[in-house]
Each structure stands twice: as structure tokens, then as C-alpha cells.
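Engineer: These are the residues of each chain, in order.
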Amino acid sequence: MAMERELLRHLVKKPATIIYPFESPEPIEGTRAKVEIDILKCIGCGTCIHDCPAYALEMVGKGLTCDMKWYPGRCVFCGQCVESCPRNAIKQTAEHDLATTESVESAGMMSERFVEFNRPKKE
Amino acid sequence: MIIEILKLLIIPGIFFLFTLALFYQWLDRRFLARLQNRRGPMHTGSHGTLQPLADFIKLLAKEDIEPEAVDKPVFRGVPILLSTISITALFFIPIWGVKAFVHFEGDLIFMTFLMTLIAILAFLGGWSSTNRFSTIGGLRAAMQTLGYEVPLSLAFIGPAIVAKSLSISKIVEWQASTGIWAIILNPLGFGIAIIALLAELEKVPFDLPEAETELVAGWQTEFSGRKLALLRFAFDLELVLAAGLITSLFLGGPAGPFYNIPWVGVIWFFIKTTIVVLILSNLRGLFARFRIDQMVSGCWKYLVPLAIIQIIFLQLVLG
Amino acid sequence: MSNSTYKVPIGPQHPALKEPENFLLTVDGEEIIDVKIRLGYVHRGGEKAFENRTYVQGLYLIERVCGICAMAHQLCYVNNLEPMMDVEAPPRAQYIRTIVAELERVHSHLLWLGVAAHEIGFDTLFMYCWRDREVSLDLMEMITGNRVLHAANTIGGVRRDLTADMISKTRKGIALLKKRTEYYKKLVLAEKTILKRALGVGILSTKDAAELCAVGPTARASNVKKDVRKDDPYSAYDEIPFNLITYDLCDVASRVLVRVDELIESANIIEYSLDHLPTGPIGVRAPRSIPPGENVSIVEAPRGEDIHYCKSNGTDKPERYKVRAPTLGNWASMAKMLIGGYVADVPITLAAIDPCMSCTDRVAFIDANSGKNWIWSTEQIKKYSKKNGGR
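Protein chains in written order, with our numbering: chain A, 1 to 123; chain D, 1 to 319; chain R, 1 to 391.
Derived by calculation from the structure, the hints in this document are not laboratory data. Each hint should be verified, as a subset may be incorrect.
[Stated by the list, open to error] Straight-line alpha carbon distances no greater than 27 Å define the calculated DSS-like cross-link-like pairs of lysine-lysine that follow:
no.	chain 1	residue 1	chain 2	residue 2
1	R	LYS185	A	LYS14
2	A	LYS14	R	LYS178
3	R	LYS387	R	LYS322
4	R	LYS185	A	LYS13
5	R	LYS317	A	LYS14
6	A	LYS14	R	LYS186
7	R	LYS317	D	LYS72
8	R	LYS192	R	LYS172
9	R	LYS317	A	LYS69
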């Protein structure tokens, strides 16, 4: 019976649970979430790809003309790429709602979806 | 005749009891959730009131798996019998007025018999499943009966002595006519009945037969689909039965100001049972689960002597 | 075996177990007379994976050994590699590591308290504990960037500095947690139903605990004074005063009390570290490859001592990386605790060592009859599995 008072105290308290899709928790500054690459700063050195523990980054092309791909399904959001980049071209935003409602042919495809960062091509 | 049938089917009959059972399940879940700083069911219906109904319908629609090794007749019979017995027992509870739908001298004894039958059915359900967890769960259900049955019956005797009748309806009638609720003379009996009914309902701290972390779902492990829906429905009915019994025997049933006017009695009954359900769910959140040996020995060590003291006290007072 | 005994399998799938593991109990009525533990259901090939990854990539793989003691494993990893690379993390980094490691202990012990309460059917305490655990998770998200799998360390330092704002928020959070922990301690000592299930259950005597090499809170609850933070201080623990908590009841209640007291002690350590946080850089540059050599490091994870061994060969990938997660040290004493107890006490006794099964699972091929062991390649395993009806 040692808990009775605590129980009754919680009866008038607001529940700790958040009704997630209708209200979201306060974002905490500095959360590691979506990876964004500023392709114009990228020099195509490949350090991020070499360091990525989850093999979630891919380079198309070479050096100054390369394009980057980021696979959110494989990413473990450790932020090593941000640290490895010698030109600060990669940054992580706090945007964590990365799930989509787009249909995917099969569940296995999840890790194969990617976000492309394309360099504007000169005409 | 037609009125009788309507009464049986709608109010205070099957339809009313069905609604009440689902409502009390919701109330129990919601209240416990709030005590635990959670929200509980909230999406189906207003504040989740329709969630128990949705669960019931969903379970009815689910695949009904019957393992090969089960003893089929018993396994199929248990859920049906369990819900029928619960409904039958509920007809002895005076809801509409001071007279129950069915009543005869000695129906309190019949009621205890039905409640024992419920525990025996739990044992049979576990035994017929032939699953190890079910078997142990069933055995525990039977074992638990040994613990709570005697104090429960002794606690029921208290109001019967006060009203000098073994009929639930008579006891309620006596309380309504004299205006004295049996709880005033039976405070100990009331507490014992609440504790013993917690065991009967297999709720924490006496949820040993279905202890989730020990026995999966205990004796209900193998039940699925329609059978599980019926089982769960039977539990909800049992909750109504327990609350109704406590209300009738100790809290005066539908008695209260203006209870003779139609509907007012039902409202009194409803308020009182709601309070009992809230007490039961509060107790659910308050304890850790006992072990089976602790439960049985605790019942005999504390509840039985207290119940006997209660009866001796009554004899002395009423002389 | 007489006819009165009966075999009850607990696991691999069982609600009392959060991870798959098999315990075959031989019971007589409700009493347990023998236990067989079978491990290896969630072997993940982690140690082999290290050999294909660079030391930087390994930094994040090591966290995946255990989600709950992620920081302890990573700390052990960097402590292991730093001497081999001949770098040393600056004092401020050491203090931040200590703070995060202790926050993780708070989160792990609160999680454990909740699980233990759930095992004995006390769901209200479970809900409260997990709600309060959110505070420590939020603090860790603020300090490191992630709730679990913090990725706080890098070789030669930490990755994020503590700002003044973070320090004040951490202080506030820790004060709240301390208050709640003190309430839980009071509750555990006052609530009869908890004591009924915990006192005298799962007895592991001091002698057995020492002989069977129990680790962490399990050993300390059996009055074995054993804590890596005291015995072989790493990070900033040699500069921080704290008490080594032991209880001598040797049962589940004792394990609960050790953990609850450690929660308060952890809060004190965090407060002390925040007060005495040195200034300076938070990291130094580390080389990418390590000259040939080997090293062992030990860290006190929330569940006990965590031992890592690394063998390098001059490249940027290890030749061998071995992890001994704390739970492995407790399996032998586990069997001892279960025998003689009741079936109803199995979940709480199991939970009392705070087992983390997938951290522990390794695979070895042994012929049980002859005791012969051997090694198979992937191809051979596939062939064997195909032969036996696998796909």
C-alpha cells in the first residue's frame, strides 16, 4: 500500500504520454538526424565514404564533378561523415521525420532508396 | 410474457449487461492508465469508450487456431460455458429494483457454487490445452481457489446473517427497507470480499494463473480467435458480477433515495458498482504479484481468521 | 530421473525474456532442481565484422554490441586503442566521458528497475521508472546528439563539448532523478509485496559469487567488493570520490538495493564532475592506423566489467577484436541462483542479473560427447545448413 498517495497524485496529473502523430515532442537542439550535403562545397575526396560505418553514402562520378547519394535506410545517424568532411560540406539537421508514405515495391527496397545531391551542370 | 422476454434481452438483460461489461473494461483500463501516468485507450469512440467493443469484434474475426493435442470437447466448451455461467450468475443480482430477475431462497449459496464453477472451468481450460504453461496456469487457478474460496464464502455469510436470509434479493430488500447498508456491520467482510474477488477475477496481485512474465498467458495461452473473445468477454462479465455482488451484499444494491421510481434504482446501482470497479482497479496498480504459496498461506493465515472474527462480532452485536 | 520431475522450457521465445535464450528447467512441483542454459540464438558475427572495418568505422560498430551499454563499450574501445596509437584524451574529454558514462548507468539502472518490477507484476512501478528514465535519455540526446547509441567518443577525445546551458540543464535533470530515486528506494523498502518476492530469492553466497566470477552489481550485491572504477580507474574516476556500494543480503532484494544506491551515487558523480569540469580542448588528432601490437582494456559497464582485446597488424583495420560483455561473467552464477528456487521466481531471478543476451552470444562448434571443437568457414556452415533442410 506504500504507493497509494503517489497513485492518487498522478490521477490529477497530465499523462506523460504524448499522442504522437497529433503532437510531437519538443525538438532537442543538436539531435543527429537527416544528413544534408552541400554538393558545391564537396571536393569529391571520398573521406566520408571511407569512414561511413554503415556504407550509407555513395559517390557518382569523380572529384570536382561528382554527385553524392545518401541512403537513409542504411544510415545509422552517427555523424561521422560530418566530422570527416575536410570542407564542412556535410551537415546534419534535426529533421527526424524521415518515414514516407510512398509505396515501396518490397520491404527490402527500403535500404536501396536514396536522396540525391546533384551538382548543377554547366550548359 | 413479451415484457418478460424484452426484460431478459434488453434491460436488465443480456444487452444491458453486455454494454455494462464493455464499459467497465474501458473504465478499468482507463483509470489504471491514469494512475500510471499513461493515457489508456483513446482513439476508438469518444475517449476510447468503444475500444473494448472494437477489441471484441476484432478477436471474433481472427483466425481460430486449435492445436492438435488439445482435448477438443472441453477446450471448445470452456469459453462458451464460462460466458454463459457469468451471465447466468448476473441474473441473480438485483439491478432494476430490489428484486433480481431470478431469485429464490438460498440463491447466495447457488452464487458461490457458480463462482467456484468459474474457477474449475479455468482449471479445465488449462488442463485441456495440454500446453505446459496452460497446465501450470490451470493448476494455479485451482490452487488459488483453495485459498480464496473459504474467506469469500465467509464474507458472504455476514450480510446473510444480518438480513436473516440466504437470498441476495432478500438481503437487498432488507437493506433497502431498513436503510442500513450491510457494510456498516461488516467492514471487515467488505475488505475480505474485495480481496477475495480480486483473486477470483485473476487480477494483480493475484493474477498468478495468467502471470504474463512467468506463464505467457497462463491457462488461456492456447485460446485464440472466437474462443479468446468469449473468454475475455466472460472476464468482463465477471468484473460486473464481482462489482454487482459487492454492491448488493454490502452497499445496498439499487437502494438509495427515490429508488422506487423506475431508472433511479439502476442509476444508484450503476454509481455504486462504478465505485467498486474503481477500487478494484486502484488495488491492481498498487501491488506486486504474490507467489502461489504466499497467496494460499496468506489467505488462510489472515483472511480466514478475520472473516471468522467478523462473524463472531456479528453474532455478539445481533445477539 | 524420477517420474515426479517435469521439464519446463523458458525460452527461446518467452515473455519473461526480452531476448531469445533457452533455459531448460527440471522442476519438481514448483521447485527447480536443475537448469540447463543454452546460448547462441542471437549470434551476430560482430567480432568478425570488426576485421573488415577501419578503426573509425569500428567506433560505431562497437556501440551496436549493446544498445543499453553503448557508451561503456565505446569507452572501452577508445581506452583500448588510445594507448596503442600513443594518444591521450585531454582532461576535459575524460570528464565528459565520465558524465555520459554515468548518465548511461542511470538510464540502464532505471530501465532495469522497471523491468524487474514488471517481472514481479508491479506494472505501476515499471511505468514510473521508464517515464523517469526519459529524463536521462533526453539529457544524453542533448549532450551527445542521440538518445541511445550516443556516438559520443572519438579516438583521442569526445565529439561534442558541454556548453554552460547544457550544464545547467543537466544539473536540473539530475536533481529530479535523484529525488525520484530516493522515492523509489523508500518505496522498495516499504512495499511489502515487493519485499515478499525479493527477499531470500535467488541466493548467491559471497563465496559462490567470488568463485564463479560474478561481475558488476550482481557481485556487489553478494558483498564482493569489485568495481573497475575503483580497482583500475579509467577516464576521470581516479579524481572523483565515490562510494563502492555493496550489500550482504545476497538475494534479489540486495541486487535491487545495490542498483538503487548506485543510481544516487551516479548522480553524485555527475554533479561532482560538472563542478570540477576542467577547461581545455576536447580532443586530439589520432592516427588512422596502429602499429602491430595488442592491448586489453576494462570498463565498468552498468551490468559489470566489460573486457575488450585488440590485436593490430599495422594497417587501419584490427586483426582481431574480442569483446567480453558483462553478462557472460554472470551466467555461471545464474544457474546457481535458480536451483532450489520456485518456477514463479525464475523471471525475477533471471532479470536480477540484468542479462543482455545478444551482447553475450558467441558461436563455437563443440561435439558434446567427445568434447572436440573445431572451426567452420561460412561456406561450410551454409553447406551444413543446406544438408539439414535449411535454405
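Engineer: Now tell me if each hint is right for this structure.
Structural biologist: To see whether the hints hold, each was checked on the structure:
1. R/LYS185 with A/LYS14: The given pair, whose Cα atoms are some 24 Å apart, holds under the 27 Å limit.
2. A/LYS14 with R/LYS178: 22 Å, holds
3. R/LYS387 with R/LYS322: 31 Å, violated
4. R/LYS185 with A/LYS13: 22 Å, holds
5. R/LYS317 with A/LYS14: Judged against 27 Å, a Cα distance of about 52 Å means the pair is violated.
6. A/LYS14 with R/LYS186: Satisfied, since the Cα-Cα distance of roughly 24 Å is no more than 27 Å.
7. R/LYS317 with D/LYS72: Roughly 61 Å separates the two Cα atoms, so the pair is violated.
8. R/LYS192 with R/LYS172: Measuring from Cα to Cα gives roughly 32 Å; hence the hint is violated.
9. R/LYS317 with A/LYS69: 26 Å, holds
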